[in-house]
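Each protein sequence line maps, in turn, to chains A and B.
Numbered as in this note's numbering, the first sequence ends at 354 without a single skipped number.
Numbered as in this note's numbering, the second sequence ends at 354 without a single skipped number.
Be aware that one or more of the hints could be misleading.
No distinction is drawn between identical chains; accordingly, a pair holds when it is met within one copy or between any pair of copies.
To be verified - EDC-like mimics (lysine to aspartate or glutamate), calculated; alpha carbons at most 16 Å apart, straight line:
id, residue 1, residue 2
1, Lys14, Asp106
2, Lys68, Asp312
3, Lys311, Glu295
4, Lys304, Asp338
5, Lys76, Asp140
6, Lys284, Asp200
7, Lys311, Glu346
8, Lys311, Asp205
Keep in mind that the hints were calculated from the coordinates and are not lab data.
This structure is a prediction, so every number in the text was calculated from the model and none was measured.
2 protein chains.
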Amino acid sequence: MSSSRLLDEFNAGKPAALARVVSIVENHRDGFEEILGSLHPRTGRARRVGLTGPPGAGKSTITSLLVKRLRDAGLKVGVIAVDPTSPFTGGALLGDRVRMESVALDPGVFIRSMATRGSLGGLAAATREVADVLDAFGFDVLLIETVGVGQSELDVARTADSTLLVLVPESGDSIQTLKAGVMEVADIFVVNKADRPGADRLRNDVELMLGLRKGVSFGSVPAHHGVDFKRMNPARVARDAAAKPNPVVWTPPVLSAVATQEKGITEIVDALDRHFAYLEQSGKLRARRRERMRERVMDVVEQKVRGRLWKDTATMSWLELQLPSVEDGRATPFAIADQLLRQSAELVRGEEAK
Amino acid sequence: MSSSRLLDEFNAGKPAALARVVSIVENHRDGFEEILGSLHPRTGRARRVGLTGPPGAGKSTITSLLVKRLRDAGLKVGVIAVDPTSPFTGGALLGDRVRMESVALDPGVFIRSMATRGSLGGLAAATREVADVLDAFGFDVLLIETVGVGQSELDVARTADSTLLVLVPESGDSIQTLKAGVMEVADIFVVNKADRPGADRLRNDVELMLGLRKGVSFGSVPAHHGVDFKRMNPARVARDAAAKPNPVVWTPPVLSAVATQEKGITEIVDALDRHFAYLEQSGKLRARRRERMRERVMDVVEQKVRGRLWKDTATMSWLELQLPSVEDGRATPFAIADQLLRQSAELVRGEEAK
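Start from the sequences and build out the full structure, keeping to the hints where you can.
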């Protein structure tokens, strides 16, 4: 199929075209830049929600329940799973997988598990690209699930508008097992499996870390404002929020949930809506999205440089010839790198490319 | 202190100079390139061992026991912890931390916990640089501990000569929670907490995944060849190994351990020695180290490009001016990236730099 025909079908909302475009983009096949470029004007409408936390915290269960609620509200949902332990990527228990599959049969839902990216890509960049495709296709909400441990995974979480951190009491030290920085990136905390021992302590620990006053428990977090789930529609959120007092500070709520019993999901949906309203009214949404765009362009620049240098046979052959002198200490990696860049400026400039 | 004075003290083996050099290199402070460049000819002697696995698998306990054995054998040991859950990075239980501290008081041991690296660095590159410093200082063995979940962490594991993957039975799905690719990267498997239920099944699962014949258990792995631990000295390993039949194929052994009772540590040390002998005799050590050098130079090139572009005020101001047009869809990230590279070729070439 020609690229323009594929794009026509994509624009007409054909699921097969969507799957093909995602594959082309994810694997950086020929023409992916043109495709992403032509989709670009139609991005920026979807709301991007990150879900992160340690393996086994129940992220996927919460994700699938959120999908259900969003679908009930008539919204189209894209799920991007960057978590190797997620049932979305085939990693977990059979029960979960079955639950996922019932979700997967709904044409208003698209689920994509991200494969590992090599050195030319980068996981956060790849996730952003796939998210852009789903955004352009017309999904209203994108749920991006990552395991909150690795550095790349933290970078992925940073690409979302709102980030949910899911914790569980049994890993009593679960806060500590998270990458430094994950706590800072979270907008909403969820203590899942909250019916198990240790849940109160975990909630206290989180609140302490958040610098909340001791003794302030979940109950004191601003309650449900009677906002229904339809608010997961960006336009309505903006309109409704405009009628309310302007929130200028966001205090991350620490919610409780028992996802396997569908408890606490309404509160999560609610907190997401409140957070989105806060982002819009405070001007942070604009700032976050500009930051994301800046990082996107910087990613593309770095990808292009890597592609132009490391896919160039002459450059790689030259480098290979230098390695013995680096190995025996006659040259340093820095000197060789400087020389490589001096002689490759035209290559980096990309005059030949396209 | 001047850079040359600092290097004199480093070369004289002063611990304070080592700590300062590591800090300068880890944070890419002024002069880090000159320092790494001047240390470069003295690198390549240390044996680099990676320890990876899920949080709670007992990597740090095994690391500290290995440190003890290596010290008993008169070897100097550097530990680089890239695992946020490691007691080396202050992340775990008090008991562990005390055990680590007794190790930390020994001047023949240097422990460094790697901080998170921003976008200009990269965790694997930073780990390689710190490892080079320890190597040049004269440490005989470097133990590099990473959590086997994230992509960056897997890249770190790839920088070692030998990689140990530590698994535990209780996370029955622990194999699945690992990043795809971690299984491939491991040279030696350790089933820790092997006295707990599920250990045999886990060992079977691993052996199945390794494509070993069913029924082949730990006992059938080539036994202790009477090699003592002193072999963790690269020169001796080479010499002793030369007298033995040439191993051309490496079958990753699946070992059992109960690290908290110091069980199975001798077998791990032994397997590490056998693996190192295999690497040397098969020529793989040379190949791995050349690969590592190639990646090192490529890392430096990418770091330089990022530094030259993203620390350049004019470039960043220009980029900022383009963002509105990218946001409203008049321009694509790809077009802006192309334009940026066209006009920044001289910057990338680095004529001004040094």
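Hints versus structure:
no., hint, in the structure
1, Lys14 with Asp106, "within (14 Å within a copy, 66 Å between copies)"
2, Lys68 with Asp312, "neither (48 Å within a copy, 47 Å between copies)"
3, Lys311 with Glu295, "between (23 Å within a copy, 14 Å between copies)"
4, Lys304 with Asp338, "between (19 Å within a copy, 8 Å between copies)"
5, Lys76 with Asp140, "within (5 Å within a copy, 57 Å between copies)"
6, Lys284 with Asp200, "neither (32 Å within a copy, 53 Å between copies)"
7, Lys311 with Glu346, "within (14 Å within a copy, 21 Å between copies)"
8, Lys311 with Asp205, "neither (49 Å within a copy, 38 Å between copies)"
Hints 2, 6, 8 from the earlier list are contradicted by this structure; the remaining hints agree with it.
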